[in-house]
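Asker: Listed below are the residues making up each chain.
There are 2 protein chains.
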Amino acid sequence: MKTPENDLIRKILGKSSRSNEFKSGLRLGIGDDAALFAPRSGYETILTCDWFLEEIHFLRDRHPADSVGWKCLARAASDIAAMGGTPRCFLQSLAIPNELTGRWLTDFLTGLRRASRKLKCPIAGGDTTRQNRVLINVTVVGEVRSGRALVRSGAKPGDIIYVSGRLGEAEMGLAALRATRGKIRLNDPKLRKHLYPEPRLALGQWLADHRLATGAMDLSDGLSTDLPRLCASSKVGATIDESKLASAAVEHHSVPKWNNRLALALNAGDDYELLFAVAPRDAHKIPATYRGLKLTAIGEMSRSRGIKLLHPNGKTSPLKAAGWDPFRNA
Amino acid sequence: MKTPENDLIRKILGKSSRSNEFKSGLRLGIGDDAALFAPRSGYETILTCDWFLEEIHFLRDRHPADSVGWKCLARAASDIAAMGGTPRCFLQSLAIPNELTGRWLTDFLTGLRRASRKLKCPIAGGDTTRQNRVLINVTVVGEVRSGRALVRSGAKPGDIIYVSGRLGEAEMGLAALRATRGKIRLNDPKLRKHLYPEPRLALGQWLADHRLATGAMDLSDGLSTDLPRLCASSKVGATIDESKLASAAVEHHSVPKWNNRLALALNAGDDYELLFAVAPRDAHKIPATYRGLKLTAIGEMSRSRGIKLLHPNGKTSPLKAAGWDPFRNA
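Just so you know, the sequences run in chain order H and D. The opening residue of the first sequence carries number 0 in numbering that gives the first Met the number 0; numbering runs sequentially from there. The opening residue of the second sequence carries number 0 in numbering that gives the first Met the number 0; numbering runs sequentially from there.
Just so you know, these hints were derived from the structure itself, not from any lab. Some clues are possibly wrong.
Chain copies aren't distinguished; within one or between two, either way the pair holds.
Keeping only pairs whose Cα atoms sit at most 25 Å apart, straight-line, the calculated DSS-like set for lysine-lysine is [as the list claims (entries may be wrong)]:
1. Lys319 to Lys10
2. Lys155 to Lys256
3. Lys234 to Lys10
4. Lys117 to Lys307
5. Lys293 to Lys243
6. Lys256 to Lys10
Since the model is a prediction, treat every value here as computed from it, not as a measurement.
My request is simple: use the sequences and hints to build the entire structure.
Answerer: This is the structure in structure tokens:
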């Protein structure tokens, strides 16, 4: 790690040093050239990194700084959840404008530290520099018992497709945030889900421990964009049952129109729920809720490639990817 | 990893997939939610990340794209060298403008892949998105035998301070690059060192294997900025002998004036040489060159804090940090 800004590093270190109380395997964190991490015997290391950029992933004038801090770590940790792993530590690269090194940075670090404690994932190092916009990159290091990782490539035709939680909630939360004038009120669970998402670590670990998922990933860009990726990795197609999907969507009282709820469930991003496939013989082991988190069967994998939507009238139509893609949406 | 740009990912994957021929411990790379890495028993994992940003770390209209690709990985791997480790794999986060996804990206990936092969460090994953400037963040994962890592904190008063290579060469290379009109001629070794730095991995591993360095780091921001960091970690001061330092500076025929060479050796950045301390009883084990790389004793650690320069007339003066700091230089 290059550490050109000693004062910034001290600020980050001061806010985060107590997080080293976690038994994380970290032997040497911020302040040396690199971090040292003692891997556990019998485990594989999971590595993932994610951008979190002003104007693309958050809005400086809308998103509270502590939400930016929370979310940049939580969404990267969601990839660890998608692998069925446990986060162990993270590296954070931060570029910020000079004028944000005061209150904004303090609030950002408060949110980051809160996520770090909640996820039991201490900071191990990073790099800081200056830019006129906030740029964040987070690398999370996790662990999973050797051979138990959930991957995208094992789903078979006939496997049942599940999603966790309620799809579209985070996008509804974003809409609520955009509509807010003045102080943000966090009593709206959709707003909380958008600002402070919780990676589905317990669910991922349970699926991995019990070898229940033949293929899995997290939903970050919207089901219609992410499901084709899962299918491509597994070399299968899929049919999604609209009626079942609607019951996995944001609640009826929030969005009364069926079509709108369906569109949200298909295309809204940022939910960080898990999408996973289960062999038919194991489907009875999947409960309706896992630790309070709704699990919904929404369709099944098929031999014929392509993703189809099964309409309530019994007809099918091809599903178009309409989720988040910064290059396509440009 | 979020992978919103399937086409970009395919391009990166296509250019890099053969790098998986390295025996790297990688079980699953690009294309899943995260990478899986099998750590070796008896080794610690080294984690480091580095920004490489347009306008701050490179100039799009000056630096060839393949140099940007090489250097973003090489300089991150330099932190692994500073720990005495071996790089095993890397994650790359890339944000680029739409107009660079053609030839520029191809050349960038050529340079990145060349560095990846040279350093035996295959790509394990990453994240891509769109920005109007090129933003790069590289995380390198390395390994070192447990307990053998070179750290910054072990130097003692009386330890001899060494540097590898010739300091100031990379900054001379940058000056040559800025002065170049038209095609870049790589027969100038200083230009090569600026564009295609080689992390001092063999030296770092040798120092770690033989437990020779009591403290070590790599020189990225200039000796006058980096040495105080080494001293602070080790809770010591240092005295640098100007005459000895001058002999570790860029060659006489390149910069005839002694003062200018000294200023380059003290303050020039981007050299990615190693700075290390050796106990006096081990100093006889440090050769004048290691595998063709010059090693120079430039001073010693002291009990009294602060960094002093010993002038040829026998007087000393305090050394001011004048290396690279984007916040101070703003």
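Asker: As a check of your reading, is Lys256 near Lys10 (CA-CA no more than 25 Å) within one copy, between copies, both or neither?
Answerer: Close neither inside one copy (48 Å) nor across copies (41 Å); limit 25 Å.
Asker: Pop the pair Lys234 and Lys10 into one bin, within, between, both or neither, using alpha-carbon distances up to 25 Å.
Answerer: between (48 Å within a copy, 20 Å between copies)
Asker: My question is about Lys319 and Lys10: at a cut-off of 25 Å on alpha-carbon distance, are they close within one copy, between copies, both, or neither?
Answerer: For Lys319 and Lys10, the Cα distance is within 25 Å only across copies (23 Å; inside one copy 46 Å).
Asker: Evaluate Lys155 and Lys256 at a C-alpha cut-off of 25 Å and name the case that applies: within, between, both or neither.
Answerer: neither (34 Å within a copy, 72 Å between copies)
Asker: Give the relationship of Lys293 and Lys243 under a CA distance limit of 25 Å: within one copy only, between copies only, both, or neither.
Answerer: For Lys293 and Lys243, the Cα distance is within 25 Å only inside one copy (13 Å; across copies 69 Å).
Asker: Reference check for the pair Lys117 and Lys307, CA-CA at most 25 Å: within, between, both, or neither?
Answerer: Close neither inside one copy (38 Å) nor across copies (46 Å); limit 25 Å.
In summary, the structure is inconsistent with hints 2, 4 and 6 from the numbered list given earlier, while agreeing with the others.
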